[in-house]
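Visitor: Sequence:
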Amino acid sequence: MFGIIAGTSLIQSSLFHTGMTKILVTTDHGEVILYVTPAALAKLPECAKVMEACPEGSAPSPLADYPIVFAQRHAVSVGRPYYQPHEINAPAVALAFQALGVKKAIGFNSVGGVKDTFPPGTACVPNDYFSPWGMACVYNDRRGHIVPGYDEELRKQFIDLLEKNNFKIRTDCVYIQTPGPRFETPAEVRFLSNLGDIVGMTNADEASLMKEVGVAYTCICMVDNFANGVGGAELTYQSFQAAVESNRATMETVARLAVETFSK
1 MFGIIAGTSL IQSSLFHTGM TKILVTTDHG EVILYVTPAA LAKLPECAKV
51 MEACPEGSAP SPLADYPIVF AQRHAVSVGR PYYQPHEINA PAVALAFQAL
101 GVKKAIGFNS VGGVKDTFPP GTACVPNDYF SPWGMACVYN DRRGHIVPGY
151 DEELRKQFID LLEKNNFKIR TDCVYIQTPG PRFETPAEVR FLSNLGDIVG
201 MTNADEASLM KEVGVAYTCI CMVDNFANGV GGAELTYQSF QAAVESNRAT
251 METVARLAVE TFSK
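The numbers in UniProt numbering rise by one with no breaks, and the one at position 48 of the sequence shown is 48.
What the hints contain is simulated information worked out from the structure, not anything from laboratory work.
Treat the hints with care, as some may be off.
As a list, the in silico DSS-like pairs of lysine-lysine whose alpha-carbon atoms are at most 27 angstroms apart [as the list claims (entries may be wrong)]: (1) LYS156 x LYS211; (2) LYS264 x LYS49; (3) LYS103 x LYS49; (4) LYS103 x LYS211.
My request is simple: use the sequences and hints to build the entire structure.
Guide: Dropping the structure here:
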């Protein structure tokens with residue numbers, strides 16, 4: 001079973017919704033809404049229940065033959081259609097992936113460049129992360145004492161896949177996680193530029209949590225904007241959304257390649 005976690009980068013994409021079944025997984029950290037392909041549906045454990053079956057006659061999933069579990073991170077909890085980054089129940093997602101038998105997972109992230117050497121349109125597979133604000137964890141016992149980081153074997157395989165398919169990517173970069181939900185101030189960005197290269201609000205937690213539960217995890221980050229105060233142009237939510245739209249096709253192509261390669 002292969003997992004995909006996405007947020008802003010694929011929030012309007014039909015790739016992981018068309019022809020997929022909506023399920024609810026119960027974990028020790030709460031309930032989680034996920035989507036599965038027909039190939040994954042037959043393998044659901046007892047903790048997973050179908051919430052919304054794929055309607056008869058609907059278009060088939062382009063990924064139907066692959067056993068895929070998809071989490072739209074801003075909508076994994078019951079109650080609202082959108083949860084802000086600091087509200088995401090990431091520990092429950094990690095436990096749900098573990099319960100469903102996910103062995104490998106890739107996160108898709110929208111980030112800001114905190115340096116002018118990471119302009120909008122830059123695709124990154126970071127090699128480390130910095131996240132001292134809030135330490136999310138799955139377990140409250142000794143199992144929580146992990147050595148954090150991305151799964152290096154999966155990361156290298158992912159980089160090889162992207163380079164083989166002629167994607168230009170940066171791999172010499174550090175992801176910085178801030179709490180959100182607001183963007184950072186220019187003063188904060190100047191400080192952060194001494195610590196890393198790109199900034200987001202979710203990925204470091206995901207990487208640590210997946211390591212806790214034994215799921216190999218890496219990510220791809222698309223720079224959709226310069227961070228506040230970088231690059232000369234004013235940062236607005238509208239310009240950020242426009243950049244997300246323009247970069248979506250690239251992220252969808254990467255997602256398809258990842259599914260076809262790592263879900264075998």
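Visitor: Confirm or reject each hint.
Guide: Checked hints:
no., hint, verdict
1, LYS156 x LYS211, "17 angstroms, holds"
2, LYS264 x LYS49, "24 angstroms, holds"
3, LYS103 x LYS49, "20 angstroms, holds"
4, LYS103 x LYS211, "11 angstroms, holds"
The structure is consistent with each of the numbered hints, conforming to all of them.
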